[in-house]
Each structure stands twice: as structure tokens, then as C-alpha cells.
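Engineer: Below, each chain spelled out in residue letters.
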Amino acid sequence: RKEVEQDPGPFNVPEGATVAFNCTYSNSASQSFFWYRQDCRKEPKLLMSVYSSGNEDGRFTAQLNRASQYISLLIRDSKLSDSATYLCVVNAGFQKLVFGTGTRLLVSP
Amino acid sequence: DTGVSQDPRHKITKRGQNVTFRCDPISEHNRLYWYRQTLGQGPEFLTYFQNEAQLEKSRLLSDRFSAERPKGSFSTLEIQRTEQGDSAMYLCASSLGQGLGQPQHFGDGTRLSIL
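So the protein sequences, as listed, match chains C and Z. If you read the first sequence in our numbering, its first letter stands for residue 1018, the second for the next number, and so on. If you read the second sequence in our numbering, its first letter stands for residue 139, the second for the next number, and so on.
Be a bit skeptical, because a hint or two may be false.
Stated by the list, open to error - Calculated lysine-lysine pairs in the DSS-like style (CA-CA distance at most 25 Å, straight line):
| hint | chain 1 | residue 1 | chain 2 | residue 2 |
| --- | --- | --- | --- | --- |
| 1 | C | Lys1062 | Z | Lys149 |
| 2 | C | Lys1062 | C | Lys1096 |
| 3 | Z | Lys195 | C | Lys1062 |
| 4 | C | Lys1059 | C | Lys1096 |
Keep in mind that the hints were calculated from the coordinates and are not lab data.
Bound-form chain Z, shown alone (with noise of 0.2 Å):
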């Protein structure tokens, strides 16, 4: 499978847990994208790399949240001491090329649960 794949897909966790999610875009993709999505809503931006460059963070990133890409390829995405309003389904998406108009491509997701 050559689409962008998260592990895991499904995390359960007690509140206060720390959790950590991983992204591999399409292998040649240069962009990747966090979104993080809660039921009746569209997903809501996170977080943009463009390499391995962190180009851009939405405010709904507080400081317990990090994200890295550290070789240009796979990405993680932290949550630190984990709320219950952090349970969403997290998801990746990769993009190439320059331009605004690129489609970008997405993961099947993280679906997270906090007890």
C-alpha cells in the first residue's frame, strides 16, 4: 500500500497518560499535515511541515501537543498529561509540490479515547 498510513488506529488510554502517534506519508510527498477531527465536526488543522521544517502551528496546539519530522519522512505527534477533551481521531495527510492547488492525501487516522 503506497498511501499514507498512522499507527496505531485505535489508542485507549487513562487520562494523564502520555500518547504518541506516527505518520508515513507518501514516499515522495515533501508536505505533511496533522488534522485532528471530533464527531459532527470537519477535521481542524494542527500543525504543517514542509521537510523537515515545522513551517506552521494552529493555536488548538497547546504546549502539552509537539510534533516532529525529523528526517523529512515519518512525523510523530505527542500529547502530553492527555485530557478528556483530547479525543478525536487524529489524522495525517501528505501533499507534493509547490503550489496551493495540491490535493492532499490522507491517513486512515489515530482514533484516540481518553478514560
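This is chain C alone, in the form it adopts within the complex (with noise of 0.2 Å):
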């Protein structure tokens, strides 16, 4: 089993919309957890950390439940500029970050 699993996708929705990824992860140690996004050929950029308390960052909400392992990641309002892959990380100590696979999402006119 992975460490940390997604969905690849693609998620293919319309501007607008809200679109929801979820993303598991199996070491129940694990102590911090980010998204990041990564564009076609070019490095990965934080989007946002993710706590247990959830936060939200505009468009974005990400959701941490510690019980069950997983992560999410909500988008509203969908822009064509939204169209990335998504990581899924977790950082299980020693400094090292896990990705996962990441989700593909396709925002169309």
C-alpha cells in the first residue's frame, strides 16, 4: 500500500463549479500535511498547509481527519487557471515529505 494515495484523475468540471479531492495516507504518525500544486513540467508550489481544525484560503478549504487518515481539498468557483495536478503530502517526521501521485483537474470553458 502507498503511503499516501489520490485519485489521478482526471477530474474534468466546468468553470463554476466545486470540485472536491480526497487524499488517504497511511502512517498514523504522520505529524504535518500540505497540498501542493504542480503545473504541467514544473516544480511543485504549496497551495496550502492543512490542519486539523481546517482552514480555508479563499476558493480553497482543506479538511484533516486524523481518525480516519485522509485529507481534502475543496475548490469553489472553478477557474480555467485551476487546471493543475494536485499533491497530496504529508510530512511523517524525520523532515521528508511523501507525495502523493497527485489528482489531475481540468477546468473547461
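Using the hints, put the two chains back together into the complex; each one sits in its own frame.
Structural biologist: If you want it as C-alpha cells, here you go:
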């Protein structure tokens, strides 16, 4: 079983739609969680950290469920520019990040 | 530009050659990481430095790979006797602080192609 699992997609949604991605992780000792965004042939860029209480940044909302070991990302009012791969990332200690394979989002006009 | 910078952006070489990549982290960041990413996969951790000390190495880092950060600033990653399976994007990241919650900031990467 992979340490971090994501549905690879692609998720095809129209502009303005709400879309949600889920991610599960296997290491219950994981201590910090992130969503990164990666555009084609570019480096990953931090989208947001994920906190137990849930957090929101504009149209983006992240949730963490430690009991079930899953993380979610909700994108409201999708824009064309949101088209990218969204990487679920877990820091399980010793400073290394463990990445999921990413979920690809395609927003169409 | 005050972000993480990597050099070169692209490297094409023949199998069996040695290659060296350089990473300059964000100046105040004391932690530096190397990752490798192949098509359709997320980045995979290779190694990590805190200042000049290499504190962890992945099992992915075979004997042909060596990384250094001699003065706790820039880092180099060398691959000796390259193989076709080494073709990938090599990403460097840096972060600041002592806690686990510090996010890592990535450079543009070096794309390695082995002929």
C-alpha cells in the first residue's frame, strides 16, 4: 500500500463548479500535511498547509481527519487557471515529505 | 529572484557519464532537500541536509549518488555512471526552522535525460 494515495483523475469540471479531492495516508504518526499544486513540467508549489481544525484560503478549503487518516481539498467557483495537478503531501517525521501521485484537474470553459 | 534556484535546467548525457547538479536554497533556509520525480508520479525523497549535515538518505539513493552541502549554503547532487533509469526531474527544496510544520519551497528542477 502506498503511503499517500490519491485518485489520479482527471477530474473534468466546467468553470464555476465546485470540486473536491480526497487523499488517504497510511502512517498514523504523520504530523503535518500540505496540498501542493504542480503545473505541467513545473515545480510543485505550496497551495496550503492543512490543519486539524480545517482551514480556508479564498476559494480553497482543506480538511484533515486524523481518525480516518484522510485529507481533503475543496475548490469552489473553479477557474480555468485552477487546471493543474494537486499533490497531497504528508510529513511523517525526519523532515521528508511523502507525496501522492497527484490528482489532475481540468477546468473547461 | 530570492527563491530556490537550480542549475542546469536541463541535462542530456550519454549512459555511463557522470553528472552534477547544483541547488541554491532560499538564503535564510537552513534545511535543504533533494527529490526525484518521474512522469506521472509525485516527487520522491532522496536526501536531506540541516545546515551542512546530511541527516537522512533514502534507499533510492544508490552508491552512485552523492550529495554535499559543504558550507551549509548551496548543495550539489552527483550521479556517477548514469543509467537510463536515472532519467527524471531532480528537484531541490528548502525550508526554515526547527518544527515539522514548515513547508518546503521547490526550485524549478533539473531535467535529466540519459541517452
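Engineer: Measure nothing beyond the straight line between the CA atoms of Lys1062 of chain C and Lys149 of chain Z; if it is 25 Å or shorter, mark the hint as holding.
Structural biologist: holds, 23 Å
Engineer: Check whether the Cα positions of Lys1059 of chain C and Lys1096 of chain C lie no farther apart than 25 Å.
Structural biologist: Holds, at roughly 19 Å.
Engineer: Verify the proposed pairing of Lys1062 of chain C with Lys1096 of chain C, using a straight-line Cα cut of 25 Å.
Structural biologist: OK: Lys1062 of chain C and Lys1096 of chain C at ~18 Å, within 25 Å.
Engineer: With the threshold set at 25 Å, check whether the alpha-carbon distance from Lys195 of chain Z to Lys1062 of chain C stays at or below it.
Structural biologist: holds, 23 Å
In this structure, none of the earlier numbered hints is contradicted; all agree with it.
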